[in-house]
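Trainee: Here is how the chains run, residue by residue.
There are 2 protein chains.
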Amino acid sequence: MDINITPVKTSKIKDIDFSNLAFGHVFTDHMLVCNYKNGAWEAPEIMPYGPLSFEPSARVFHYGQAVFEGMKAYKDEAGDLFLFRPDESVKRLNKSSERLAIPALPEEIFHKGLAELLHLENEWIKPGKGNSLYIRPFVIATEGAIAASPAQEYKFIIICSPAQAYYAGEVRVLIAEKFSRSADGGVGYAKAAGNYAAQFYPTSLAHKEGYQQIIWTDANTHEYLEEAGTMNIFFRIGDTLITAPTNDRILDGITRKSIVQLAQDEGVNMEVRDFSVKELKEAARSGALKEIFGSGTAAVVNPIKGFKHGDEVFELPEVTDSFAARFKDKLLNIQYNIEADPYGWRVKI
Amino acid sequence: MDINITPVKTSKIKDIDFSNLAFGHVFTDHMLVCNYKNGAWEAPEIMPYGPLSFEPSARVFHYGQAVFEGMKAYKDEAGDLFLFRPDESVKRLNKSSERLAIPALPEEIFHKGLAELLHLENEWIKPGKGNSLYIRPFVIATEGAIAASPAQEYKFIIICSPAQAYYAGEVRVLIAEKFSRSADGGVGYAKAAGNYAAQFYPTSLAHKEGYQQIIWTDANTHEYLEEAGTMNIFFRIGDTLITAPTNDRILDGITRKSIVQLAQDEGVNMEVRDFSVKELKEAARSGALKEIFGSGTAAVVNPIKGFKHGDEVFELPEVTDSFAARFKDKLLNIQYNIEADPYGWRVKI
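Going line by line, the protein sequences match chains P and V.
Quick note: to get the working numbering, add 88 to the position in the first sequence (first position is 1).
Quick note: to get the working numbering, add 88 to the position in the second sequence (first position is 1).
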């Protein structure tokens with residue numbers, strides 16, 4: 089597979105303050121672009137990051153045919169570069185694409201294109217736990233036609249943004265009682281663009297009440313805890329860790345499944361099962377609820393300090409043996425080549 | 089309100105075969121573009137239709153912040169130009185925008201901008217029932233930042249496409265039993281881009297079975313008939329016409345509400361109520377089911393010839409006094425200034 093590379097004349101890296109990065113606002117020098125036309129994916133190109141030209145009738149603008157992935161590249165102290173479970177990302181991208189009637193991307197284009205791009209952006213990836221290069225592969229429907237049917241033309245693009253930690257400050261969450269994120273038989277399990285915009289308005293209402301995120305519940309009954317929209321959610325009751333099983337409403341998070349595996353292998357009582365708001369509130373009242381935390385590529389692990397449901401507000405206790413901290417540390421150590429990776433999750437690029 | 093107009097040097101209209109138009113594939117000479125920046129909508133511009141430049145990090149590509157409307161302009165035999173209930177379109181656009189955390193568009197920009205654009209495209213609108221100019225106003229998030237939160241910059245765009253009738257051939261539908269279009273508390277009532285891409289895959293499976301569309305049922309039970317994704321749905325049992333009430337899963341269709349009004353005023357027994365698959369199948373078996381038809385701006389009224397649910401296939405009878413034909417004719421006569429409009433729906437531009 090040939091990749092045509094047009095490098096920038098001058099890198100903009102010297103203008104970037106790496107100690108003060110707003111998430112997702114700064115992009116590296118290059119991007120990868122691969123077009124789908126006449127029933128096939130063409131050879132990818134790497135070119136300077138910058139605006140692209142789109143028909144105003146491009147179907148992505150009208151019908152939301154758009155899926156994405158979130159990944160990170162990590163650098164160890166020796167300067168070696170790693171990805172975390174990239175096979176899972178390309179498989180999920182194609183699973184999302186299938187649900188939105190987008191043609192599957194050959195895995196080779198994804199893997200080789202990404203490796204080539206990362207080597208070019210090597211200077212943008214800073215060593216040290218917490219520093220990373222956030223990678224955003226995505227596919228969008230570009231054909232200029234506003235008939236409500238799948239497009240015949242697409243672009244697969246990878247852009248990269250240097251990142252520090254995603255979440256800052258203490259996070260408290262509202263538990264959804266009226267709004268929903270997804271339906272049975274819908275697209276909630278896909279990383280479909282439309283799933284995210286749908287959360288912005290309910291989340292803005294939560295912000296007004298002083299809550300940073302929403303924990304979504306099942307749309308039918310609002311009785312079962314599902315996910316937080318950009319994170320899967322774990323609950324610790326005593327020394328038992330609980331997370332909802334994936335289904336067609338819940339994203340099959342790579343960080344989520346990695347934590348489930350780590351917890352099982354470390355002998356934690358790990359329960360993947362439906363978990364109700366009622367059970368959560370009873371555990372909070374009795375003192376059995378020790379922790380809630382979110383998991384996701386951007387946030388890695390994000391402790392939640394409190395939650396509100398109806399008129400009831402709960403604050404979580406301080407714990408000294410935090411599962412959130414323990415599994416975050418374990419994951420980061422694997423990602424940054426600090427400790428052994430018996431799983432083969434860490435892939436050197 | 090000033091609108092800066094840059095007209096094309098040469099119209100491409102002479103290259104268009106108006107008797108052979110594929111829906112949504114041909115666009116007129118001009119488009120309207122209005123930017124939202126620094127907390128305000130700027131003055132709109134009319135410019136030659138053509139590609140626009142977007143950051144690959146524009147939030148519409150990643151998080152699906154995109155809403156649209158569908159409208160038509162009609163010309164009568166005297167050459168006068170009309171819109172159908174344009175007030176409803178701008179109100180619904182802003183209702184959709186609110187749900188996706190997109191700033192509301194001032195109605196004046198919508199109305200004056202559209203009128204100015206249509207006067208410029210006057211030659212593209214051909215008189216005669218069935219001919220129309222399909223109008224696509226839409227709003228997309230353009231800010232180049234991949235944080236999962238509402239954008240700070242948007243574009244409101246209007247593009248226009250000359251149209252003949254939208255649906256050709258006989259339409260048979262599958263009734264959804266597994267897939268869903270929207271959840272309670274979700275965005276189904278909004279004309280959100282992501283609602284459409286989500287239907288493409290299930291619809292492609294229906295195509296393979298020989299069905300052109302899906303009638304969506306409620307995601308909780310799949311027992312109640314809701315809408316067809318690009319159309320609302322009416323059922324005629326004997327001489328009673330039935331359509332589902334709007335809710336947060338069902339689009340408040342302008343054609344739908346116009347037909348409800350016409351039916352009521354013409355003394356048809358019009359029931360706006362939950363209507364179950366069970367009731368539909370019983371009526372089909374007993375012979376009481378006379379018609380099913382869809383309603384929407386593109387299709388106006390679209391008769392449905394048959395449906396499948398589970399393993400059961402039903403074919404509808406031929407009727408001589410079709411409600412579908414009657415209300416389509418009535419609507420077209422109002423739209424094309426052929427008969428009186430006691431409702432004030434027809435607006436001369």
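Treat the hints with care, since some could be wrong.
As the list makes no split between identical chains, a pair holds if one copy fits it or if it spans any two.
[Stated by the list, open to error] Straight-line C-alpha distance at most 20 Å; calculated SDA-like pairs for lysine to any residue:
no.: 1; residue 1: Lys183; residue 2: Lys266
no.: 2; residue 1: Lys243; residue 2: Leu140
no.: 3; residue 1: Lys100; residue 2: Gly232
no.: 4; residue 1: Lys369; residue 2: Thr98
no.: 5; residue 1: Lys183; residue 2: Gly257
no.: 6; residue 1: Lys200; residue 2: Gly218
no.: 7; residue 1: Lys214; residue 2: Gly355
no.: 8; residue 1: Lys266; residue 2: Ser141
Rather than coming from a laboratory, the hints here were simulated on the basis of the structure.
Trainee: Hint by hint, say whether it matches the structure.
Mentor: Hint-by-hint comparison with the structure:
For a Cα distance limit of 20 Å, the shortest separation of Lys183 from Lys266 across copies, 18 Å, qualifies, whereas the shortest one inside one copy, 29 Å, does not. Taking the closest pair of Cα atoms, Lys243 and Leu140 come within 20 Å of each other both inside a single copy (11 Å) and across two copies (16 Å). With identical chains, the CA atoms of Lys100 and Gly232 are at most 20 Å apart between copies only, with a shortest distance of 17 Å across copies and 33 Å within one. Proximity of Lys369 to Thr98 under the C-alpha cut-off of 20 Å is found in neither arrangement, the shortest distances being 56 Å within a copy and 68 Å between copies.
With identical chains, the CA atoms of Lys183 and Gly257 are never at most 20 Å apart, being 34 Å at best within one copy and 33 Å at best between copies. For the homomeric pair Lys200 and Gly218, neither the shortest alpha-carbon distance inside one copy (25 Å) nor that between copies (51 Å) is at most 20 Å. With identical chains, the CA atoms of Lys214 and Gly355 are never at most 20 Å apart, being 34 Å at best within one copy and 74 Å at best between copies. Taking the shortest Cα distances, Lys266 and Ser141 never come within 20 Å of each other, neither inside one copy (40 Å) nor across copies (38 Å).
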